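Input sequences plus hints: build the corresponding full structure.
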Amino acid sequence: MAAASSGPKSTHLTLQASTIVRLHTVLAYTAFTVALLLGLLLHYKKIVKNSVAGYPQEWFPSVSATIGDWYPERNVFQILIALTSGPRFGLVILSYLQHYSEQSSLPIIVFICGLVRTLFCGGWVYITSSDDHDIHDFFMIGYIVLNLPWMIGGIFTTPTERKITRQKRIFIASAFFFTIMPLVYFFIQHKVHRIPGAYTTYSFFEWSLIVLDILYDACAEGELKESNMLLTISLNVPVKTKSPASDQSKTSQKVSQQPGKPSQQENITGSIPANASVLENMATTLTELRPFLSFCSDLYLSYIFWSIFTALTPTLFYFSIWELGIAGHELALLSTFSPILLSISSLSFWAHTRGGLTIIQLFSFSGLAAYILHRPIHRLFAVAFSSAATVLSQAVRWRQDAYYQSILTALGLLLSSVLKHANHSNNPVWPFIDERTGGYNKTGIVLAFLSLFEFHFRQPSAEQAKDPKKPEASEHWFFGALPLGSLIFISHSLLSDPNTLIAWSWTGYENGRPRGPVPTLHGSLTLLAQALGLLVATHSLRTPSSNSSRVLSHPVWFVLGSLSSFVMYRWRNWFGYVGGLGFAFFVMSSFPVIFANAAVNGSLTKTSFTVMLVYCLLSLASVWTVAYAFVPGGVYLRERSDLVLVGQMLCLMPSFRWSASSSHAFKTITSSVSSYSRMTLTLISVFGLIATLYRLPDSPKPFRPGPRILRAGIWTLHFGIDNAGRDSQRRVRNVIRDLELDVVGFLETDLYRTVFGNRDLTRVITEEMGYHVDIGPGPNSHTWGAVLLSKFPIINSTHHLLPSPRGELAPAIEAVLDVYGLPVTIVVAHNGQEEDPLDRELQSTELARIMASTHPNPVIFLGYIVSKPHAPRPAPYQILVEDGKMHDIDDEDPNRWCEYILYRGLYRTSYARISRSTVTDTELQVGQFMLPKHGHGITDETREARYLRAFKEDLPPEHWLPMEYYGNKKRGGVNGHFYHVFNTPLYYKLPEE
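If you read the sequence shown in the working numbering, its first letter stands for residue 15, the second for the next number, and so on.
You may find that some hints are simply not true.
[Said to hold, decoys possible] Here are the computed lysine-lysine pairs in the BS3-like style, where the Cα-Cα straight-line distance is at most 27 Å: (1) K983 to K882; (2) K899 to K59; (3) K177 to K239; (4) K947 to K1003; (5) K239 to K182; (6) K966 to K984; (7) K882 to K899; (8) K715 to K63; (9) K947 to K984; (10) K947 to K899; (11) K882 to K715; (12) K1003 to K899; (13) K983 to K966; (14) K984 to K1003; (15) K899 to K60; (16) K983 to K715.
Rather than coming from a laboratory, the hints here were simulated on the basis of the structure.
Please read all numbers here as calculations on a predicted model, not as lab measurements.
Following this line, the structure appears as structure tokens:
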């Protein structure tokens, strides 16, 4: 382009306008990244420290501390961010030119907000929190507030034909504003409640806002490229003459065009019609958002299905564990057979209408509201009714669009799993969880109603209307129902919590390190494997002619899945866990194949009923493998998880293409569904990783490191369900925290089963209080479970399955702890029941052998042994004490029956029995021990030396147990817990040597 001139021609520099935006993005990211890296390298502990706490409670720096507190990172950042200011103003101006319209004033408002926003950015960047905290916060908050009109206005002013840019801005802006909510919450936790570690969490959200803020501005690059806007800069000012072109050369910088392209002015005026208005733009935006909102609603309703479905068995099994047998409440499982009602033609017709399906799903929300009911039996009725409704609605929806619903069902399972992972292994909307136990029930109900509202009033999409085809049926309906029932069982029993596969592979510690994956650290790997499997399935539905669609239905793929299942069952530690990851990948990738076969073969009623029948039979079989002592015919499935695994794989077989005549033609899903699914899988994977990092426990430290004291306890926790039928993790945590227990043995803790919700009873305690944990033998070991928690490092641990020829299999954990440099062996064990005396004798003999083999080293036994004190052989007491070369913590306490603390090689200073309140059915026993002097052992272990009874005042205060727990049933104590039997702890003097 040339300007008319009487002098020499001017020289011009032309560049893409999008280059300005890219330069801004690169400089902004560089400024923050360099400052963060320099800060972490040069002043790590200084920049993570704040007014509440320092390292290790706080371990990641805030933006303010990174960019404003120390040399040289502060100076380097300010130089780089100064270079960003020019492109930043250019970005604002170019965006205004892009969106300018004579018919709307909104672009002008957005332009002004962009300028003021840039000035506020300079305010909080150059006036740091160390300079003036209030002024820094003022500019920071003002900047965030100005992002509202800048981002929302930018979305509405983006021309509707630039769909990709518009969608990017909607997504990024939504993520930005959603991130503000947890940001504010954790800032309050830090500033008001002064909780150590809260500022580190706040910092992650603060950095997320920085990334999203820059990313939103970077969207302008694609828009400028699409419009082909150029900038022309004149380097020499020519002599101007009057000519038509002279008006165009009055400015030194202006908008130009490439040959063959319409002018930018034409683009601007053509991007918004003359009769356009902001309201019309908003309506257009909402219309574009509707498919995404519909997908989100369907996804959330799928999550609600899994939440209610997985809540049924824990709600009904509460009664079974109190009865230690079939209590009759197990009939509630029959509520899952509700699809048989579809055999009533009028009901089936009504259920297939939009209104009918809406009402049925509304009925299913009764399970969400059941958390307000106090009595467990009332909750069971509500959850059973809710399960009937949700299974019925899902059966209808699965048949309507099997391909779309297969993806949604798998995504709902993943969403449920990742939320459990982030919420201490509890689904936040379960009816046996409430606000006191980590529930978010009200929020879940509100979102459920919003999702159902959107579902009821949505319009069918054009793509759905024009593609009603379904694959042709090629097999008997039974061979479609069998695999789907197995798939639902596998999803529930193995994949509804990311740590179940870890529990299958766990074997303990060796040389101070876990031998395999750790639940609190590696659960996100399970989520990632599931997400990748579903990603492959989504790709196969988007491009059904690709090789992936044929691979997923090929018998070889089934064989690989079966091999992964075998590795998961046969091996432990990392190799076994990798087999589990492969199996998770296989199962998630098989969802479309299995759903499609079930949807096209046979009537809905017969197929759905058979699906749930297969699920129920496999569920009962999996429970029978460990509960065989309490159910009729249980002996045939005793410890036979291998039979359950083989059975579930055989049920999956018919869905794969075993003959050339088998039809597995896939129907495509829409591009938008494919895109939303990929985005959801990415978010779930990232959120799972963030939740893992956020929930990492603090480094464990003993409560009393000075006087070499070890305080230990044993508690039978009745599967983590209190007497009111609710999760008991937090109530247990409170007692353990108050009593300051360094070592704890928990029994009846293997909750990685469908009937217990696939939960982890140790998550709240370990993540909030910092303990090393050995979760004991996993669900494939067929015990009721034992757990060891320790504030001291675990050097080695070994899992034992005690001899049980007749009764239930008994677990034991033998662990060596590094207690102030002294190896101390801890044995946590759960013997069999009273009905099997031979088992108890053999188990006690094995425990005595384990403890005697370490003589004369220090040992503490924390166990459940079903014996009266001083009971002669073959009762367990005498075998354990005499053959195990152990001492009873107080052999003058005659009122014990199941829990015992034995010890050797340590000084016992106190012993207490604390009432259970309503947490469980068994008391907590606590023993306090003092280590001998470094390099010395116990020289006098006579009874006279060990029974020097004392008042607590005779001992230093660090030996006293908490005074708050003095009381009785009527008054005193803490939340119903108090010292009972003796009404006080028993104290013992230390020998003079």
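Do the hints match the structure? See the list:
no. : hint          : result
1   : K983 to K882  : 25 Å, holds
2   : K899 to K59   : 49 Å, violated
3   : K177 to K239  : 14 Å, holds
4   : K947 to K1003 : 16 Å, holds
5   : K239 to K182  : 15 Å, holds
6   : K966 to K984  : 24 Å, holds
7   : K882 to K899  : 18 Å, holds
8   : K715 to K63   : 20 Å, holds
9   : K947 to K984  : 43 Å, violated
10  : K947 to K899  : 22 Å, holds
11  : K882 to K715  : 36 Å, violated
12  : K1003 to K899 : 22 Å, holds
13  : K983 to K966  : 23 Å, holds
14  : K984 to K1003 : 32 Å, violated
15  : K899 to K60   : 52 Å, violated
16  : K983 to K715  : 34 Å, violated
Violation of the numbered hints given earlier is confined to hints 2, 9, 11, 14, 15, 16; the remaining hints are satisfied by the structure.
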